[in-house]
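Engineer: Sequence:
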Amino acid sequence: MESNQNVQIRAYAETRVQKMVHIANTDLSLRVVNRTTEQADGLWQYARLLLGEIERAPSREVVESKLDSLPNGSEELYTHILCAKEATMTDAEKVFARYMFLCADISNYMPDFLAQMTDIIQQGMLDLVFCYANGGNMPFDVPSLAERLGAPLIEVLRPTEHTYEVRFVHLSIYQYLADSKKFARGCKIPEPLQAR
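Throughout the sequence shown, residue numbering follows the working numbering, covering 1 to 196 in sequence.
FYI, nobody ran anything at the bench for these hints, they're computed from the structure.
None of the values given here were measured: they were computed from a predicted structure.
Heads up, some of the hints might be wrong.
Mimicking BS3-like on lysine-lysine, the simulated pairs with C-alpha atoms at most 30 Å apart in a straight line are [as the list claims (entries may be wrong)]:
hint: 1; residue 1: Lys-66; residue 2: Lys-19
hint: 2; residue 1: Lys-66; residue 2: Lys-85
hint: 3; residue 1: Lys-94; residue 2: Lys-66
hint: 4; residue 1: Lys-19; residue 2: Lys-85
All chains, full assembly: derive it from the sequences and hints.
Structural biologist: Here is the structure:
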C-alpha cells in the first residue's frame, strides 16, 4: 500500500504527464507515472525535477532511456541534471555557469551585504561574478543568462522590472553544490578564483 505522500506524488505525476502532448494517454504515460512515483519515494523535489527532464525529452526513445536509468535519490539527480546541462553549453557558458554555482559554495564567506541568504544569489553579487567571469565586462542580460544556465535547479525572481535575484529551487541543491566532493563526481570542478 502506497503512503499518503506517494499517493500525492502519483496524482501530481499523472497531472504533469497529461500535459505532455506526445506521451499523454499512451502506454508510456503510465510507465512514466509509475517510475516517477517509485523513484521519488516521497520526495516532491525529485518528482518535479525528474518530470521536467522527461518533459524536455525530444523523443519516446529518450524518455524510455531516461526511465531505464533513473538516478537514485536527489544527489544523483542533481549530478545528472548538471552534467546534461554542461554537455549542451558553449565554452563561454560553462565559465559563467561554473562561477554562478561557485557562488553557492563561497556565499557563507561573503559579507552580509553581498550574501544575505544561503539559497539566494542577489543581483549585485551575480552581476559582480558574471562581470569577473567575462574579463571585467558586464555580459548581456544577466538574469536571462543565469536562468538559461541554471534552470531547472535555479529560478530567477524579478521583484521589479529592474531587479532580480537567483534562487535555488530547493535548499538541498545549495547544500549539494556547497559540498564540492559531490559536485566533482560527475562534472568538472569549478576552477578556483585567481588573482589578476
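Engineer: All hints, please: hold or fail.
Structural biologist: These are the hints, each one checked on the structure:
A hinted pair counts as satisfied when its Cα atoms are at most 30 Å apart, and Lys-66 with Lys-19 qualifies at roughly 19 Å. For the hint pairing Lys-66 with Lys-85, the CA-to-CA distance comes to about 15 Å; that is within 30 Å, so the pair holds. A C-alpha spacing of about 24 Å is found between Lys-94 and Lys-66, which places the hinted pair at or below 30 Å, so the restraint holds. Taking the CA atoms of Lys-19 and Lys-85, the gap is about 23 Å. The hint holds against a cut of 30 Å.
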